[in-house]
Amino acid sequence: EDKVVQSPLSLVVHEGDTVTLNCSYEVTNFRSLLWYKQEKKAPTFLFMLTSSGIEKKSGRLSSILDKKELFSILNITATQTGDSAIYLCAVEKRDDKIIFGKGTRLHILP
Amino acid sequence: NAGVTQTPKFQVLKTGQSMTLQCAQDMNHEYMSWYRQDPGMGLRLIHYSVGAGITDQGEVPNGYNVSRSTTEDFPLRLLSAAPSQTSVYFCASSYRKTGELFFGEGSRLTVL
Chain Y
24 EDKVVQSPLS LVVHEGDTVT LNCSYEVTNF RSLLWYKQEK KAPTFLFMLT
74 SSGIEKKSGR LSSILDKKEL FSILNITATQ TGDSAIYLCA VEKRDDKIIF
124 GKGTRLHILP
Chain R
8 NAGVTQTPKF QVLKTGQSMT LQCAQDMNHE YMSWYRQDPG MGLRLIHYSV
58 GAGITDQGEV PNGYNVSRST TEDFPLRLLS AAPSQTSVYF CASSYRKTGE
108 LFFGEGSRLT VL
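Just so you know, the sequences run in chain order Y and R. Going by this note's numbering, the letters in the first sequence line up with residues 24 to 133, in that order. Going by this note's numbering, the letters in the second sequence line up with residues 8 to 119, in that order.
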């Protein structure tokens with residue numbers, strides 16, 4: 024059975040802190056790993072990772088994939104209250120299924 | 008730009024009733040999918056489609072039917088609603104193999 028496991032499930036930090044969110048996976052026919060951010064309504068796309076060791080970066084957010092150890096991390100530096108959200112990790116399989124983990128709920132205290 | 012449009016946004020049903028959640032996208036995406044989101048469960052894939060006339064089951068397909076007669080539309084049917092189907096439902100679409108799903112705003116369904 025395919026699994027995408029995120030940790031921690033919940034995290035509270037102070038503004039300015041750096042956070043690391045984890046995602047491990049066990050799936051057959053892996054194509055890519057995806058990160059999404061969900062604030063009040065629908066998730067929005069952050070990154071797609073297909074190759075090991077190549078960092079993807081967007082402003083204060085960055086992510087990297089390790090296909091040998093089957094995990095990815097999402098880093099957020101100099102956190103702001105606007106970073107408060109649920110961060111979802113997902114795996115896209117070669118049969119086009121996209122399977123999500125349960126998410127990490129991040130709360131940034133001012 | 009409309010993007011992905013879901014209707015209705017809210018619905019209350021009685022056990023055993025049927026209904027259809029509508030989803031339409033105007034981005035010419037081949038790939039469309041339905042997810043349900045329950046507290047603490049993340050998003051779970053119900054059904055998906057890689058093009059008109061093609062559908063396949065996701066992780067939790069039981070109790071739901073779909074069809075894809077056009078590229079734009081991907082309705083989700085509940086034939087006999089059960090309280091376990093109380094959830095928030097999201098429709099999403101993308102170009103194939105890009106991973107970048109565009110989501111609708113969600114439909115909150117309550118089954119009494």
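One or more of the hints may lead you astray.
[Unchecked claim] Heads up, simulated DMTMM-like pairs for lysine to aspartate or glutamate below, C-alpha to C-alpha not over 25 Å straight-line:
| hint | chain 1 | residue 1 | chain 2 | residue 2 |
| --- | --- | --- | --- | --- |
| 1 | Y | Lys125 | Y | Asp25 |
| 2 | Y | Lys63 | Y | Glu38 |
| 3 | Y | Lys64 | Y | Glu92 |
| 4 | Y | Lys26 | R | Asp80 |
| 5 | Y | Lys120 | R | Glu112 |
| 6 | Y | Lys80 | Y | Glu92 |
| 7 | Y | Lys120 | R | Asp33 |
| 8 | R | Lys21 | R | Glu107 |
| 9 | R | Lys104 | Y | Asp118 |
| 10 | Y | Lys91 | R | Glu37 |
| 11 | Y | Lys60 | Y | Glu38 |
| 12 | R | Lys104 | Y | Glu38 |
| 13 | Y | Lys91 | Y | Glu78 |
| 14 | Y | Lys91 | R | Asp33 |
| 15 | R | Lys104 | Y | Glu92 |
If you are wondering where the hints come from, they were derived from the structure by calculation, not from laboratory data. Only a predicted model underlies this, so the values are computations on that prediction, with no experimental measurement involved.
Results of checking the hints against the structure:
{"no.": "1", "hint": "Lys125(Y) to Asp25(Y)", "in the structure": "13 Å, holds"}
{"no.": "2", "hint": "Lys63(Y) to Glu38(Y)", "in the structure": "20 Å, holds"}
{"no.": "3", "hint": "Lys64(Y) to Glu92(Y)", "in the structure": "32 Å, violated"}
{"no.": "4", "hint": "Lys26(Y) to Asp80(R)", "in the structure": "29 Å, violated"}
{"no.": "5", "hint": "Lys120(Y) to Glu112(R)", "in the structure": "21 Å, holds"}
{"no.": "6", "hint": "Lys80(Y) to Glu92(Y)", "in the structure": "21 Å, holds"}
{"no.": "7", "hint": "Lys120(Y) to Asp33(R)", "in the structure": "22 Å, holds"}
{"no.": "8", "hint": "Lys21(R) to Glu107(R)", "in the structure": "35 Å, violated"}
{"no.": "9", "hint": "Lys104(R) to Asp118(Y)", "in the structure": "10 Å, holds"}
{"no.": "10", "hint": "Lys91(Y) to Glu37(R)", "in the structure": "31 Å, violated"}
{"no.": "11", "hint": "Lys60(Y) to Glu38(Y)", "in the structure": "18 Å, holds"}
{"no.": "12", "hint": "Lys104(R) to Glu38(Y)", "in the structure": "36 Å, violated"}
{"no.": "13", "hint": "Lys91(Y) to Glu78(Y)", "in the structure": "15 Å, holds"}
{"no.": "14", "hint": "Lys91(Y) to Asp33(R)", "in the structure": "39 Å, violated"}
{"no.": "15", "hint": "Lys104(R) to Glu92(Y)", "in the structure": "23 Å, holds"}
Hint compliance for this structure: hints 3, 4, 8, 10, 12, 14 are not met, and every other hint is.
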